[in-house]
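Colleague: So the protein sequences, as listed, match chains A and B. When we follow my numbering, the leftmost residue of the first sequence carries the number 14, and every step to the right adds one. When we follow my numbering, the leftmost residue of the second sequence carries the number 2, and every step to the right adds one.
It is worth saying that the hints were derived from the structure and are not from the lab. As the structure is a prediction and not an experimental result, all values here were calculated from the model. Don't be surprised by glycine CBs; every beta carbon is placed ideally from N, CA and C.
In silico DSS-like pairs for lysine-lysine, Cα to Cα no more than 25 Å straight-line:
hint, chain 1, residue 1, chain 2, residue 2
1, B, K273, A, K107
2, A, K232, A, K242
3, A, K232, B, K37
4, B, K273, A, K35
5, A, K232, A, K151
6, A, K121, A, K76
7, A, K121, A, K107
8, A, K183, A, K124
9, B, K273, A, K232
10, A, K121, A, K54
11, A, K232, A, K107
12, A, K183, A, K54
If we take Cβ atoms under 8 Å as the criterion, some of the chain A residues that face chain B in the derived model are:
hint, residue
13, H18
14, Q21
15, H22
16, I23
17, S24
18, F27
19, Q93
20, A95
21, A96
22, S97
23, D98
24, L99
25, R100
26, G233
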Amino acid sequence: MDNLHLDQHISQQFNTDLEELKTQLLEMGGVVEQQIIDAVKAIENADGSLAEKVLITEDEIDKREVQLDEQATMVLARRQPAASDLRMVMAVIKVTRDLERMGDEAQKIAKMAIALNEDGEAPRGYVELRHLGTSVQKMVNATLDAFARFDVNTAVQVAHDDRNVDREYKTAMRELVTYMMEDPRSISRVMNIMWALRSLERIGDHARNIAEHIIYLVKGLDVRHTPVKEIERQIQDA
Amino acid sequence: MEATVRETVEQKPERLLDRQVIDDQEAVTAAATVGKPFVEAPKMAMRNVNVFYGEKQAIFDVSMDIGSNEVVSMIGPSGCGKSTFLRALNRMNDTIEGCWIEGSLQLEGQDIYDPKLDVVPLRARVGMVFQKPNPFPKSIYDNVAYGPRIHGLVDRRADLDEVVETSLQRAGLWNEVKDRLAQPGTGLSGGQQQRLCIARTIAVSPEVILMDEPCSALDPIATAKIEELIAELSENFTIAIVTHSMQQAARVSSRTAYFHLGKLIEVNDTEKVFTNPEHELTEAYITGRFG
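Same shape as in the complex, but just chain A (with noise of 0.2 Å):
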């Protein structure tokens, strides 16, 4: 049952009120993804003022977290949907605080940008800072076209991919801490970029919670706290 038919009820307006939901959806999704962009990027150019262009965006991402919580509320109301139903109104609620989740993480980024601005740049750290940047968002962009697709294989590729994210991460962290044990003096500065790495690291996890929300969602499924093969042989046999 892969595709969930989501235009088929005999209420035109209950398919109006799921339709809206998802189209909603990736609206703030492609708001969350944008802003990871342009955190990092305003890292990487030292930018400032996209950095500030960041942190007031992230109340956009608020309201729609909040309008979104009550159309999945009316859809539950006055519908009582089941089934397929049922998982899609459920999964929007949580990639909905997955993705409001995200936005605070791209703010902390855009902050880092702004202290690293204010610190002076780091000796270190923009190399790994622009590939985890790029994994991440690659992830963040799969997952949401997985959403809009309802498709479970690149909702699995995200959750390999949040492994390598998390390798990456370590890496990364290694490197940096064996710096600042070299030159204490680039302690603070350096530990800006650490911050910035670390909220990426998060939003990788986030991603993959969505994944895990989309394969519920199109399975049936619940594949929280499940490594990966596990996943894939659950899919398997379902």
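Go by the hints and put chain B onto chain A.
Modeller: Structure of chain B alone, referenced to chain A:
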């Protein structure tokens, strides 16, 4: 604000066409029951049941169990055979001319269509509550006392009084009627009448209670009371309920059976049916997608 606009992939037209096929008789006839139709140590076991009204076959090869002290709900679109199947469980169809039944229907291992079996005690063991409350035109007391009297379950007046009181209590009606037991049952409100019918059913200590849309004529509060009652009764009785309200099936039952065009499509734990049904027909029905 520049947000990335994400194109959602439109569902392909051929898939849309696919979907319309599912309401087709052929697709249904090909379907075999999925899920968990059988339980260990069933109270009632039905195997390969076919029901005919004259030339017309109403039930096709239905096999399922009803477990002890469980609440099984039967759902499906009008004319899907759920009521016919329910009525077969205590031979209520016997009275319909031209109706005959094939297959095996057992109550604790006993064939309920055994020609030698007397249906009166059978219907005491497998009681029924109907869609419209149908109290006898007698007093509240006599409505409940009727069963125990004709089945000769009690001898003394004091015992009968006790049966009437406990039955009314179990049906959650005692406090509302204890001061007017001599008044006619037909004078009660719809919800009270239905609970009176339930009290009448349980007065003969049945093992199984069949309910055919017991709440469809009741308001939400009376419905809630009956549903509450079903939960309590399931501690002592086995209950099979036919309902048009899917929310009701979701609320009261532990297993749900989905019928479609006379076939049993799916039986599964209620939670499973309402979050992730196995069969696409079940999915289509409970999400309101039949056109």
